[in-house]
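Using the hints provided, position chain P relative to the given structure of chain X.
Protein sequence lines correspond, in order, to chains X and P. In our numbering, each number is its position in the first sequence, counted from 1, plus 420. In our numbering, each number is its position in the second sequence, counted from 1, plus 420.
Since the hints were made in silico from the structure, they are not lab data. Among these hints, one or two may not hold up.
Because identical chains share one entry, a pair is satisfied inside a single copy or across any pair of copies.
[Stated by the list, open to error] Quick list of in silico lysine to any residue cross-link-like pairs, SDA-like style, CA-CA up to 25 angstroms:
1) LYS639 with GLN593
2) LYS628 with ASP640
3) LYS639 with GLU695
4) LYS579 with HIS504
5) LYS500 with LYS650
6) LYS628 with GLY561
7) LYS650 with ASN676
2 protein chains.
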Amino acid sequence: MFEQLGLIGCGLMGGSFAMAMKRAGLVKRVVGYSKSPSTTERARQMGVIDVEAPSALLAVSGADVVLLAVPVAATESTFKAIRHLVTANMLVMDVGSTKRDVVDAARRVLRDHVGSFVPAHPIAGKEVSGVEHADPDLYTGQQVILTPIDKTQPGHLKKAQDLWEGLGCRVQQMAPDTHDAAFAAVSHLPHLLAFALMHGIIHQQNGKEILGLGGPGFKDFTRIAASDPKMWRDILLANRLELVEQAKIFQRSMMNMLQMAEEGNGEKLEEMIAEASLVRSHWRMGQKAK
Amino acid sequence: MFEQLGLIGCGLMGGSFAMAMKRAGLVKRVVGYSKSPSTTERARQMGVIDVEAPSALLAVSGADVVLLAVPVAATESTFKAIRHLVTANMLVMDVGSTKRDVVDAARRVLRDHVGSFVPAHPIAGKEVSGVEHADPDLYTGQQVILTPIDKTQPGHLKKAQDLWEGLGCRVQQMAPDTHDAAFAAVSHLPHLLAFALMHGIIHQQNGKEILGLGGPGFKDFTRIAASDPKMWRDILLANRLELVEQAKIFQRSMMNMLQMAEEGNGEKLEEMIAEASLVRSHWRMGQKAK
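Next up, chain X with everything else stripped away, as it sits in the complex (with noise of 0.2 angstroms):
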């Protein structure tokens, strides 16, 4: 149980930590500060938090637990603006979809205090953003990946899987590379993926024709494709180098049965949509593969 929550980015991820961690009630008091007033205001508003911070600081200021819910690419700012105040007793976390930028940005600017902060990555988010959208409910089910470092403090560590099991969730530890590459493959390229197919109809003479003929699996494949660009921009970048290991491999499989349907090799063809459609028959969200 903690005694105040400090969160910065009172959006989507951390508009819906809030809440949850309200309703588990694992915490007394929430202060939110967002980058935009407006934003923090409609929070407070909607009693996702209950005291509107003027300053990222100001949100540590007194907090037992911090979560920063930035994008990616504003953690090594929001470390340097909150660095003063975060001490050896406060858990620090983040939500950011990349892991190993996040940690490089806290060796370097918490140093002595890095311990304090447990990297995490929960395994959740919507199309959509912003506070409107947050949801108690967000959280519940889902993974949540932490991905310490050598200086990482085991007491910190363990309370920060507490709290996410507090959540209904379900955690796992991994190396920060292991999880960048991982989720090069099973997220980044995927939305990758997505944008660039919408951005090829787009731009096709009757792309809007086109489009309109979409159906359930369309829907489904380009679901991500509505992703926030910033949001998505940042993690590209942050990850790049996995992402681009990725999509190597991808590319492989897919011009190799590019070259089947080509040659009428109906046989090979079959085999490569075969395997895939019996490990994706067999795959359940949150299970490994057998």
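Same frame as chain X, but now just chain P:
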């Protein structure tokens, strides 16, 4: 109102059609045939069809409306099997995802009776197949594309339009080639991409661990990768020319985005994402894009 539906292929698409036709009171009797006798039997036991036919030809005998709900690659052989009993008064339709090849097969095989054939593509489906998943609501509210040719009898075209509208579908007409190009973009290429993504992940050393981390975005993006391998082998082969064209367009967009990420060109990258995101945010299934 029809007297007798001759259903060739009692799987998901055909079975759902028979159930919907009966529920809507559009047909009195359904005579069904499937390649696999156990499927035909199961369809009768489930009440999806009334009578089991021992051959495609006998399923057509006495029917005033015939639906071919077979894999696109089996269309030509099915036409050959039934040609002797196709009459000028009989409405014959298919449900294939590609239309150029189906129309060509109809011309070649049905010849003088090609006018009875109204090529149809209901934009509906599930990632599962088989009569046990047949659902009278599969077509409700969905779009159906009819791709008549010059020889298509206007009376049959009208009957086909009325029939699908009677099942709660929105019907539009277009040329077979226009259809195939559009569906390469919104359906066939997305399937290929989803298969290729899965394939690329599976073959990585820690593929199973990576797959275990997929969240809601991955779930939706890859749903279509669980689709039936034989059916999709046939579709990708049948529409390979348009598929390759659309893949080229997609690849240009993808390579552009990857290059911008690699170069750290956040401004341009955001611009491309924003364009895709804006269009997808306003997209609604079955509505022409603005």
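The hints, checked one at a time:
no. : hint               : verdict
1   : LYS639 with GLN593 : between (33 angstroms within a copy, 22 angstroms between copies)
2   : LYS628 with ASP640 : both (18 angstroms within a copy, 23 angstroms between copies)
3   : LYS639 with GLU695 : both (24 angstroms within a copy, 17 angstroms between copies)
4   : LYS579 with HIS504 : within (22 angstroms within a copy, 76 angstroms between copies)
5   : LYS500 with LYS650 : within (21 angstroms within a copy, 56 angstroms between copies)
6   : LYS628 with GLY561 : between (38 angstroms within a copy, 20 angstroms between copies)
7   : LYS650 with ASN676 : between (33 angstroms within a copy, 17 angstroms between copies)
The structure shown violates none of the earlier numbered hints.
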